[in-house]
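K.L.:
Protein chains in written order, with the UniProt record's numbering: chain W, 1 to 636; chain H, 1 to 226.
Misleading hints may appear alongside valid ones.
[As the list claims (entries may be wrong)] Quick list of the computed label-pair ranges, beta carbon to beta carbon:
hint, chain 1, residue 1, chain 2, residue 2, range
1, H, Glu77, W, Arg88, 47 to 53 Å
2, W, Tyr540, H, Glu77, 58 to 64 Å
3, H, Gly11, W, Glu549, 42 to 48 Å
4, H, Gly11, W, Lys182, 31 to 37 Å
5, H, Gly148, W, Glu549, 39 to 45 Å
6, H, Ala132, W, Ser35, 53 to 59 Å
7, H, Thr217, W, Ser35, 48 to 54 Å
8, H, Glu71, W, His432, 50 to 56 Å
9, H, Arg155, W, Ser403, 57 to 63 Å
10, W, Ala621, H, Asn83, 53 to 59 Å
11, W, Gly404, H, Glu71, 55 to 61 Å
12, W, Ala85, H, Gly148, 24 to 30 Å
[Said to hold, decoys possible] From the structure, some residues in chain W lie toward chain H, with a derived Cβ separation under 10 Å:
hint, residue
13, Arg6
14, Ser310
15, Gln445
[Said to hold, decoys possible] Residues of chain H placed beyond 10 Å of chain W at every Cβ, according to the derived structure:
hint, residue
16, Gln123
17, Pro156
18, Glu160
19, Thr203
FYI, nobody ran anything at the bench for these hints, they're computed from the structure.
Note that the structure is predicted; figures quoted are calculated from it, not measured.
All C-beta atoms in this analysis are idealised placements derived from N, C-alpha and C, irrespective of residue type, glycine included.
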Amino acid sequence: MAEALRDRIERLLPRVSKPARYTGGEWNAVVKDHSKVDLKVAWTFPDAYEVGMSHLGSLIMYHQINRRADACCERAYAPWTDMEAAMRAEGIPLFTLESWTPVSEFDIIAFPLLYELTYTNLLTCLDLAGVPLFAAERTEAHPLVIAGGPCAFNCEPLAPFLDVAVLGDGEEVIHQILDAYKAWRDGGRKDRRELLRRLASITGCYVPGFYAVTYNPDGTIKEYRPTEPGVPAVVDRATVKDLDAIDFPTRPVVPNTQIVFDRAQVEVFRGCTRGCRFCHAGYISRPVRERSPELVQKLAREMVRNTGYSELSLVSLSTADYTDVQSTVGRLSDELQCQGVNVTLPSTRVDAFSVAVADAVSKVRKGSITLAPEGGSARIRRVINKTVSDRDIRDAMRAAFRSGYRAVKLYFILGLPTETDADLEAIAEKGHWALEIAEEELGRQEARKVRVTISVSVFVPKPHTPFQFEPQVTLAEARRRQQYIKRFLKDRRIEYKYHEADVSHIEALLSLGDRRVANAILRAWQMGARFDGWNEHFDYNLWLRACEEAGVDIAFYTYRKKGYGERFAWDHLSPGLSREWLIDDHRRAMAEVEVEDCRWENCDLCGVCMSYNVLPTLKPAGFVGEDELAVTDSAG
Amino acid sequence: MQLRIRLAKVGLARFLSHLDLQRTVERGLRRAGLPLAFTQGFNPHPRISYASALATGTSSEGEFLDVDLTEPVDPAEFLARANQHLPQGVRVLEARPAPGEGDSLMAQINAAAYRLTVEGADQAALEAAVAAFLAAREVVVAREGRTGTRPVDIRPQVYELAVTGPGELRALVQTGSQGNLKPEEVLAGLAQLAPGLAGAELTLTHRLMLYRRDPETGVLTEPWSL
Ligand code: SF4
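Bound conformation, chain W alone (with noise of 0.2 Å):
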């Protein structure tokens, strides 16, 4: 049976674009043989193959369910457009990359969920593989489909899709679905609904199927009623509370082709509290937990060793935060310089510090430095709590002078709350500061070659962070404040970027919408909706014709500014954050009051550590005995 749909996707090849997206054998992909293992997973990232295997936590969890002897774990990618229709043509199912299985032979299909944009893309899977899109039509015969990732805290707009959706770190949660899932298959594997109700029953799942939604007459949600006895009213998530103990894969699938992130990838720490109030990663993976640096080095070592990679990135939201940064980097990039790698840090903070650290690894040819002041006055950063002064702003822009750089890119988000066109001329201001410090460094000459890019994005409110009882700015209003903050900039050496304001306002959509946006999810996607994340694909106007169809009204999601009181769509999916705490922090926000990092401050009682028992946790160096850690080779 494989080896014929193999055959038959071989020939599918040369005629579609980037056929190696399809090829697997890649170097330590893990191909078991099906006959000796009891579980079978197929993880089925909904966007294109060089994004999919960029994403480290897919490689986490690929290594945590193939490290269990009675389970394998293999990969899909949604087709891009052009393979999708030959598949179509053909007949051919979705497969996975290791063995060429029809995905609907599998026991579970696990959807990473990153980005809402890709959840069109979803169902093109679940179609190809010839799986009922609706839970509720799902028999036994079909796999389980769960979804897991950040967009799980507000899965609502996908939750007639999906049987269960994870919230939270996977690592330890995985271990327990399996088990359940087992337990269930031995036990007969009688009743579908038997199987949700022991899922429901572990921290961290999350049954759609099993809550009742109400509306008030003015269209906001009155009630989440869980209709299963035993299932609980808010579902909490799964939190790793040590990352030291758990596995990390050093042993990673190294693509033959180019992906987006095409490096080694090591996990410095989880979470971030700095509390920048737009940003939702910084909300539902709280607190910080530290990977102590002696672990750290050990796994960059074994993971270039086996990957071959010539670039090693220590990943985590914020890396110049990470307690140990500059004396674990320096010594990595010794170590690992005349191996020919490059370490690289990827986001870094605003100050000649951060600028520092990234000099300090970037033996790399000086390109460009990325720095990400996110709103352009001090006043409106005090608003999202970007605790960033002017003075940090030109601080590192002369530090990235002075250490070589030629090329800036500045990050700003437009359309925060209570942003004003003083905000935006601020904006624009950055740039030319970018340029007046390079003369001042650089002497005119020399900074005639100064490349500054202005890259500006539309805010999109996000479920659980302060913000999200904030509107979406309007559209046209997006598309004005775009134009505007262009007219300052007038420099041939700035270069001004900035994004669609309509997929941002579908993102926010996506983002904000409950179960009734499902339908216009489901009409999207039958009038051709695919890949919306890619510019070249995103049809706004399809999406219109499809919320229209659909009795969507966008704008009751994205314009409109909630209450304090209002029950959101998100509410009983808990990353731990207690309501009266966001409150607060959003008329913080209004009041421009700046809160502090609990990471290194005191406790502002957010409610995360309570609810999970957890604690902030840094690592500074001698953590751990260095001989806990001897190097194992795991060579060949």
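Got chain W sorted already, so can you dock chain H with the ligand onto it with the hints?
P.N.:
Same frame as chain W, but now just chain H with the ligand:
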């Protein structure tokens, strides 16, 4: 020390682009812990030079590359270690010390031998077309370039052409900086010469070997002696 390597890219690995292949080989050699020599500068990369780029979708057992090493490695050991660390479909077939100080392989290689698998072709028509092709003084096909399509006479670029089995051809054609003939163009040329080939499709292109061909005498030299 420099080793000259003959490499195969077969099976599904044929869908790797030339860049993908370079990336894959580099990573494999790094994993194998071979003493690769790196370029100087801020962004060091191993000194590996390829004789010729291979199109995506074309398989091969005749890719040649020179690898610079910082210390001597026995070719047999190189072969064994590299193959332990290369992914499916990419194989080192032979390794030998690179001869002398001549021009780069890339500059010297000017001919490539292919095996072409053609489907949907009437065998008699295929044989007739090959005979006609060899007898022709000129075979003009449309060549796609960056600026559009233009007619080219491909006859002088085809040195040898023979039917080797049902739906199977062997061709020796020009490659390299002086001119590069695509196997599809050979089929396009044949299709013009025989009506029975109208629906024929090139389903598999396999590069067998690369050569230096003496333009005067037509004598072929394998990369090992260049
Ligand atoms: S509960 Fe306190 S320490 Fe824990 S994440 Fe919230 S503010 Fe930080």
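K.L.:
A separate judgement is required for each hint: does it hold in the structure or not?
P.N.:
Checked hints:
{"no.": "1", "hint": "H/Glu77 to W/Arg88: 47 to 53 Å", "verdict": "holds (49 Å)"}
{"no.": "2", "hint": "W/Tyr540 to H/Glu77: 58 to 64 Å", "verdict": "holds (60 Å)"}
{"no.": "3", "hint": "H/Gly11 to W/Glu549: 42 to 48 Å", "verdict": "holds (47 Å)"}
{"no.": "4", "hint": "H/Gly11 to W/Lys182: 31 to 37 Å", "verdict": "holds (35 Å)"}
{"no.": "5", "hint": "H/Gly148 to W/Glu549: 39 to 45 Å", "verdict": "holds (44 Å)"}
{"no.": "6", "hint": "H/Ala132 to W/Ser35: 53 to 59 Å", "verdict": "holds (55 Å)"}
{"no.": "7", "hint": "H/Thr217 to W/Ser35: 48 to 54 Å", "verdict": "violated (60 Å)"}
{"no.": "8", "hint": "H/Glu71 to W/His432: 50 to 56 Å", "verdict": "holds (54 Å)"}
{"no.": "9", "hint": "H/Arg155 to W/Ser403: 57 to 63 Å", "verdict": "holds (59 Å)"}
{"no.": "10", "hint": "W/Ala621 to H/Asn83: 53 to 59 Å", "verdict": "violated (40 Å)"}
{"no.": "11", "hint": "W/Gly404 to H/Glu71: 55 to 61 Å", "verdict": "violated (34 Å)"}
{"no.": "12", "hint": "W/Ala85 to H/Gly148: 24 to 30 Å", "verdict": "holds (27 Å)"}
{"no.": "13", "hint": "Arg6", "verdict": "holds (9 Å)"}
{"no.": "14", "hint": "Ser310", "verdict": "holds (7 Å)"}
{"no.": "15", "hint": "Gln445", "verdict": "violated (23 Å)"}
{"no.": "16", "hint": "Gln123", "verdict": "holds (22 Å)"}
{"no.": "17", "hint": "Pro156", "verdict": "holds (28 Å)"}
{"no.": "18", "hint": "Glu160", "verdict": "holds (25 Å)"}
{"no.": "19", "hint": "Thr203", "verdict": "violated (8 Å)"}
Hint compliance for this structure: hints 7, 10, 11, 15, 19 are broken, all remaining hints hold.
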